[in-house]
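Enquirer: Construct all of the structure, not just a fragment, from the sequences and the given hints.
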Amino acid sequence: NTRQPDAIFTMLMVGRRQPRTLVPALAVSMYWLSCHPHQSIASLDSGLAWSMPPSPFLSTAVNGKSNSRVMHSPWRARSTLRLRPRMSVPLSSGSGGSMMDQKAGGTVLVFDKRHGPHNGWGHVECPERADGIWQLLNDEGLVERCRVIDGRPATDPELLAVHTAEHVAAVSAGNPTADTSTYFQKKNDASATAARVAAGSVVEVTEQVCTGQAKSGFCVVRPPGHHAERTHMMGFCVFNNVAVAAQQAKERWGKQRVLIYDWDVHHGNGIQNIFYEDDQVLYISVHRGGVEKSYFYPGGGTADKVGSGAGRGFTVNVPLEAADSGDAVYRMAMDQIVLPVTKDFDPDIVFIAAGFDAALGDPLGGMAVSPGMFGSMTRDLMLAAPNAPFVLSLEGGYNVEVTAECAKECVSALLGDPAPVQPPADPKVSAWEHGAIMHAEKTLDKVAEVQRAFWPAVKRSNWVRSNP
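Numbering (my numbering), first residue to last: 1 to 468.
To be clear, the hints were calculated from the coordinates, so they are not data collected in a lab.
Certain hints may be false.
No more than 27 Å apart at the CA atoms, straight line, and that leaves these computed lysine-lysine pairs for DSS-like [as the list claims (entries may be wrong)]: (1) K293 <-> K305; (2) K305 <-> K113; (3) K305 <-> K442; (4) K250 <-> K343; (5) K186 <-> K250; (6) K459 <-> K293; (7) K408 <-> K113; (8) K293 <-> K215; (9) K215 <-> K408; (10) K293 <-> K446; (11) K305 <-> K215; (12) K187 <-> K215; (13) K186 <-> K305.
Note that the coordinates shown come from a computational prediction; the quantities given were computed from them, not determined experimentally.
Expert: Encoded structure:
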């Protein structure tokens, strides 16, 4: 492959800049040369169990099946991320932190420092993602306008409601099954603790909104969760945080119409599969992928996947194929599919799997969505489901500063702040934008054709016809 030298150089730069990553970096370089995607190595001195990440150029395996050309790699030189300096994170809750209880109702936040030891040492799913969000929320004065609650580990019964006993036990024992993109820090139970606290913290915020103590909440948690399957880790995810919380909303707090909107750039295969036969959970995913076949990680999320059995019609996949689709395409997806279906469903609670890797500047997503668009989608959903409490939980997002900006926009929306004033849109779009919109129009029409049998309110596009 003509791009192998650049990829190898990048891996070596990671090792040079951060010596503790040298062994994994060299191994990845050898992997690209040898084309053995399923070998693994172990860094014994740090107790870090590594699975070889998939190459963005070669084939990999998803759920044990060959899936050639799935384009995804968690390995990038850290210089591609706009990192803030290491910080002493203020006002953090959880272990070693303090709790703010001065505001009742409104919006709650959860952030727990126990995520920090879960660290891949050069992997893009890094502690700075959550720390950067928390720092910016403090800098912008948003934390003091919210109520901060302590995170907590999820209990076994909470996890077992969506995961198998074998998976929960394997994570606790430090030997879980994972796909090739996911790391697991065994030393001091770092990853097991972080994963339990992430899932438990989302449940804790869910309890706040379900019992009327808050109207909305944002969970600054990691590792992410939406790829985690019932039986194994996947795609940087250990436990399926949103799925665990959504199941508790049903079982403990009697919610019967649960909406999960997943705007992460990668399809949330784990959430979809966990609730695929459930008619009380509506899963809507807008992601990068293909209408009939996807070559973008994790390789699923095609438009024909609509649920099965009692859950038929309660899965809505909106796969966007064109890179750099931007705000205009996401606005089309919201107006034509997401909002009409949300209004028809009339949820009594809304979860947002808030991944920000579709944002402009993210090293993995390539969809060029502005931070303000995530705030706009949050506001629009709140208008579409005015009686439902909202819980947003961090998923992806690997440009540290951009991810923090996106989270800030969402928290601002939850607090009821008006949308920032935007300059007038240029009536003339570039040829690339026009092409992306035309492509999206065809995609959204196909999605509408599939979903109209279940949700008659979905709309066909008229953008191209009105913008020749």
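Enquirer: Now, for every hint given, state plainly whether the structure supports it.
Expert: Hints versus structure:
no. : hint          : result
1   : K293 <-> K305 : holds, 11 Å
2   : K305 <-> K113 : violated, 38 Å
3   : K305 <-> K442 : holds, 18 Å
4   : K250 <-> K343 : holds, 20 Å
5   : K186 <-> K250 : violated, 33 Å
6   : K459 <-> K293 : holds, 23 Å
7   : K408 <-> K113 : holds, 19 Å
8   : K293 <-> K215 : violated, 39 Å
9   : K215 <-> K408 : holds, 18 Å
10  : K293 <-> K446 : holds, 13 Å
11  : K305 <-> K215 : violated, 32 Å
12  : K187 <-> K215 : violated, 38 Å
13  : K186 <-> K305 : violated, 36 Å
When held up to the earlier numbered hints, the structure conflicts with 2, 5, 8, 11, 12, 13 and fits the remainder.
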